[in-house]
Amino acid sequence: MQETSQSKTNAGRFFEDYRIGDVIRHAVPRTVSGGERALYQALYPARHALYSSDEFARSAGLPKSPLEDLAAFHIVFGKTVPDVSLNAVANLGYAEGRWHLPVYEGDTLRSESEVIGLKQNSNGKTGVVWVRTRGLNQRDDVVMDYVRWVMVKKRDLDAPAPETVVPELVDVIAPQDLAVPEGLDFTAYDFDLAGEPHRWGDYALGEKIDHVDGVTVEEAEHMLATRLWQNTAKVHFDTTARPDGTRLIYGGHVISMARALSFNGLANAQMIVGLNGGAHANPCLSGTTIRAWSEVLDKAETGAPGVGAIRLRLVATSGGEPFALKGADGKYLPEVLLDLDYWALMPI
Amino acid sequence: MQETSQSKTNAGRFFEDYRIGDVIRHAVPRTVSGGERALYQALYPARHALYSSDEFARSAGLPKSPLEDLAAFHIVFGKTVPDVSLNAVANLGYAEGRWHLPVYEGDTLRSESEVIGLKQNSNGKTGVVWVRTRGLNQRDDVVMDYVRWVMVKKRDLDAPAPETVVPELVDVIAPQDLAVPEGLDFTAYDFDLAGEPHRWGDYALGEKIDHVDGVTVEEAEHMLATRLWQNTAKVHFDTTARPDGTRLIYGGHVISMARALSFNGLANAQMIVGLNGGAHANPCLSGTTIRAWSEVLDKAETGAPGVGAIRLRLVATSGGEPFALKGADGKYLPEVLLDLDYWALMPI
Amino acid sequence: MQETSQSKTNAGRFFEDYRIGDVIRHAVPRTVSGGERALYQALYPARHALYSSDEFARSAGLPKSPLEDLAAFHIVFGKTVPDVSLNAVANLGYAEGRWHLPVYEGDTLRSESEVIGLKQNSNGKTGVVWVRTRGLNQRDDVVMDYVRWVMVKKRDLDAPAPETVVPELVDVIAPQDLAVPEGLDFTAYDFDLAGEPHRWGDYALGEKIDHVDGVTVEEAEHMLATRLWQNTAKVHFDTTARPDGTRLIYGGHVISMARALSFNGLANAQMIVGLNGGAHANPCLSGTTIRAWSEVLDKAETGAPGVGAIRLRLVATSGGEPFALKGADGKYLPEVLLDLDYWALMPI
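Chains as they are written, first to last, in this note's numbering: chain A, 1 to 348; chain B, 1 to 348; chain C, 1 to 348.
Please note: incorrect hints may appear among the correct ones.
Treat identical chains as interchangeable: a pair holds within one or across any two.
Think about it this way: if two alpha-carbon atoms lie no more than 20 Å apart in a straight line, the pair counts; the simulated DMTMM-like pairs of lysine to aspartate or glutamate are [said to hold, decoys possible]:
| hint | residue 1 | residue 2 |
| --- | --- | --- |
| 1 | Lys-119 | Asp-22 |
| 2 | Lys-64 | Glu-105 |
| 3 | Lys-234 | Asp-210 |
| 4 | Lys-326 | Asp-339 |
| 5 | Lys-234 | Glu-196 |
| 6 | Lys-119 | Glu-163 |
| 7 | Lys-234 | Glu-218 |
| 8 | Lys-154 | Asp-140 |
| 9 | Lys-125 | Asp-141 |
| 10 | Lys-64 | Asp-156 |
No lab work stands behind these hints, which were simulated from the structure alone.
Turn these sequences into a full structure, and let the hints guide you.
Quick look at the structure:
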């Protein structure tokens with residue numbers, strides 16, 4: 001008779017458990033329904049019309065309203081946590097994120113990650129792991145993929161360092177590499193119903209937009225959100241997991257909150273199609289009032305009728321002056337929570 | 001290069017921006033699903049059987065269970081906030097609210113408001129705007145409409161006062177003007193499944209019912225609810241928006257809470273078909289234990305088989321003695337949160 | 001004119017209102033949708049693959065992913081509260097709980113309870129009532145049933161004691177009496193997607209598993225959950241209902257939380273098919289960090305291909321040493337919240 005078993009629970013992977021080329025099939029596929037949309041709207045002030053109305057989506061050439069792009073991202077990401085970030089010290093970055101196919105009610109998502117980079121740190125205690133994660137639907141089509149790199153602890157400090165492989169990643173996805181959903185057509189776009197009159201042509205490079213609104217976040221909300229994406233990292237849920245008794249808010253909650261707040265000024269930045277990079281600059285705790293501002297970084301045409309691409313910096317803050325980002329030392333100001341660089345599609 | 005842009009965000013309309021006869025098409029249509037029903041039941045102790053069970057709804061002649069009437073109201077109302085009440089000082093009243101068609105899963109709602117009244121206040125700084133708001137479905141059928149009037153700030157105090165137009169509004173919708181859903185039939189009504197044996201005939205004019213139960217409300221809950229209806233008024237979400245750092249609970253949250261509490265004693269007041277008037281007597285904050293009582297104001301027959309109409313006063317309070325409403329000065333007592341006058345349909 | 005009416009609200013049943021053989025049809029049938037699944041995943045860290053993915057469920061021989069078994073239980077249970085436990089002093093136990101049929105989106109559930117036992121307590125003030133509750137779908141098929149007994153107050157202390165009837169209940173459901181869903185087949189089970197490699201054969205009798213993770217619970221969350229199941233017992237919602245101003249967390253919330261936490265170590269204990277017994281050992285309040293551990297009590301084969309049954313003790317705690325249950329006095333330790341004994345189905 002076995003008295004107890006630590007071996008049945010998941011201890012997570014350590015740095016020496018990753019090998020270049022390994023493909024990890026992540027657990028717990030997930031079928032999405034109308035429930036996810038309603039909850040997304042309850043959790044965030046999300047108002048982009050394409051994701052709110054089947055009719056609006058149809059008028060833009062889609063069969064119906066898809067799942068919010070960031071919800072798809074959170075679901076795909078959440079599945080990787082038990083295999084990639086359970087023993088992570090830090091989430092270092094994102095790159096080359098692309099949404100390839102809209103996700104619709106009834107679709108089932110799963111994730112897999114390929115190890116594409118490894119670099120042991122000079123202290124010999126940790127290392128950096130790069131993975132390319134793919135979200136797949138029930139037909140094994142890739143609905144999105146992105147690269148993430150994290151700093152992971154070693155289990156055994158004597159384990160030999162692997163050969164260093166640092167993947168070459170583009171800083172910015174080239175516009176021609178963005179996937180515009182099949183059939184997307186903004187030539188009959190209804191600006192009244194979308195909420196703002198500003199077209200792609202109305203945004204200037206370098207233009208900055210203060211999104212004005214703020215939302216003070218509560219413990220119950222970020223935990224509901226994080227569980228919804230089946231992300232089970234302890235630090236988000238368990239007040240005994242961190243020395244100071246706080247629960248760290250999942251970075252993705254801040255991303256979705258900031259994106260939803262950006263409706264006010266960017267209501268027509270309908271679909272997110274590329275994630276060039278992102279930094280969770282400072283941790284966010286319950287009680288914080290999240291605000292957001294954006295900067296237009298680039299613009300490009302797409303082959304789709306009436307559809308332009310706009311590259312935006314989305315910054316979430318806990319207050320302070322709008323448009324302030326980094327101090328004289330080049331470091332993020334303490335009130336900056338998020339600095340995200342993404343491509344969206346907008347009516348020309 | 002444009003450095004920053006305040007012009008991209010919505011500053012809202014001021015008093016002088018409204019013209020009699022203007023029709024404002026509000027933004028962000030919304031397709032409803034089973035998610036909204038589940039969330040409504042999670043947010044409120046909602047138990048009216050017609051809205052909980054497809055089978056019960058079928059036995060009453062409907063194709064399936066509709067969206068709660070108040071959820072439809074909140075969705076239609078929420079869309080008007082950016083255009084009507086962003087610069088409102090006060091929500092002064094409701095009248096002539098009628099539900100014309102049940103809303104079902106898959107329906108897409110949008111709203112439009114017609115300016116039907118304008119009256120500048122004697123102080124020259126504010127004015128009252130009356131709008132008739134219509135909620136429309138994807139077939140452009142009106143699913144509900146109501147009149148609301150709000151006090152709105154002037155942007156430019158020197159703007160000339162418009163000609164005063166005060167719409168004539170009925171105090172109470174006449175029973176023959178209520179829309180009974182096509183096919184509604186309560187002759188096979190199952191009182192066991194509905195939860196109470198009391199029929200239309202069992203309620204006497206002037207009868208008052210203490211609904212007994214109470215719910216203590218939390219910040220996370222009212223924010224989830226208010227976002228769900230895509231109502232983005234700052235005061236509900238942002239602790240920095242009001243000098244005292246509190247978040248004001250959306251009045252509609254109190255309406256839905258009180259209506260759900262009224263199940264205990266009015267389980268058979270199934271469908272809300274008319275809103276005669278309503279006052280948010282005092283603000284409601286998180287931590288309040290909401291209670292409710294009702295008074296039977298009127299009763300009427302309808303043409304539909306087995307279906308009677310009952311006119312009810314629904315009062316939500318934060319405590320105090322049941323049935324207390326106003327003080328000797330004719331003003332609402334401080335514990336009164338809501339005084340609502342509505343018509344519901346009940347089995348005879 | 002009737003001035004007020006206490007008679008319209010539900011005062012609940014008292015001990016002398018129950019008669020052996022009475023069948024109570026409980027109110028408010030409920031149609032379930034994708035909204036309930038999404039909310040369940042938002043409220044609990046629920047990751048069992050069969051309930052998350054339609055594809056996974058299909059690969060196991062089911063038509064699609066069913067509603068979580070415990071969600072079905074909560075819905076069936078919630079309906080009984082107004083008739084069974086409104087005047088209950090204590091929820092004393094569960095027995096003979098069986099899930100007979102999976103519940104799918106679109107199904108409508110209702111409940112009925114048969115009084116099968118009565119025993120007045122020697123103090124003459126209270127008595128114990130045993131009911132067998134059945135959850136039925138829209139085809140009147142029993143989807144689950146269980147026995148519950150509660151201690152209920154007498155209204156009239158002079159009411160004569162009924163003849164004592166104590167039902168004979170089995171301590172443990174015999175494996176051959178468990179209902180394995182028609183078509184269930186685990187021969188093509190994908191352990192990667194399920195999240196753990198451990199098969200039925202890998203679990204030893206007496207083995208104990210510390211599920212490691214913890215969730216700190218919030219007021220808003222347990223109220224959302226409890227309302228979702230239309231359980232309206234005052235003590236869960238109203239800070240004025242208990243002398244100390246706390247809201248008691250619905251015992252079922254603790255059950256679902258512990259079951260979801262048990263994923264980590266029991267990811268393949270997919271379906272719950274039997275509830276042998278359960279005790280809510282100590283009350284749970286907001287702010288508690290719920291943890292869980294399990295013990296393997298028994299194992300049995302089933303007739304279904306690749307499907308084994310495993311009998312588990314699931315213990316939820318508010319902290320303390322894992323695997324500690326009772327003190328030297330034979331009483332539950334103060335940190336033990338729940339001691340549940342159930343059968344689950346697992347791939348062999």
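Give the relationship of Lys-234 and Glu-196 under a CA distance limit of 20 Å: within one copy only, between copies only, both, or neither.
between (40 Å within a copy, 18 Å between copies)
If the cut is 20 Å between Cα atoms, do Lys-119 and Asp-22 qualify within a copy, between copies, both or neither?
So Lys-119 and Asp-22 pass the 20 Å test inside one copy only (15 Å; across, 64 Å).
Homo-oligomer pair classification [Asp-156, Lys-64; C-alpha up to 20 Å]
neither (51 Å within a copy, 43 Å between copies)
Evaluate Lys-119 and Glu-163 at a C-alpha cut-off of 20 Å and name the case that applies: within, between, both or neither.
within (7 Å within a copy, 74 Å between copies)
Tell me, please, which holds for Lys-125 and Asp-141 at an alpha-carbon limit of 20 Å: within, between, both or neither?
Neither, since 38 Å and 59 Å both go past 20 Å.
Regarding Lys-234 and Asp-210, is the shortest C-alpha distance of 20 Å or less found within a copy, between copies, in both, or in neither?
This pair counts as between: shortest inter-copy Cα distance 15 Å, intra-copy 34 Å.
Alpha-carbon proximity context of Lys-154 and Asp-140, limit 20 Å
This pair counts as neither: shortest intra-copy Cα distance 33 Å, inter-copy 57 Å.
Classify it for me, Lys-234 with Glu-218: is the Cα-Cα distance of at most 20 Å met within a copy, between copies, both or neither?
Both: 17 Å inside a copy, 16 Å across copies.
Can you give me the call for Lys-326 and Asp-339, within, between, both or neither, at a CA distance of at most 20 Å?
within (10 Å within a copy, 51 Å between copies)
Please work out whether the CA atoms of Lys-64 and Glu-105 approach to 20 Å or closer within one copy, between two copies, in both situations, or in neither?
For Lys-64 and Glu-105, both the intra-copy (9 Å) and inter-copy (14 Å) Cα distances are at most 20 Å.
In the structure shown, a violation is registered for the earlier hints numbered 8, 9 and 10, in ascending order.
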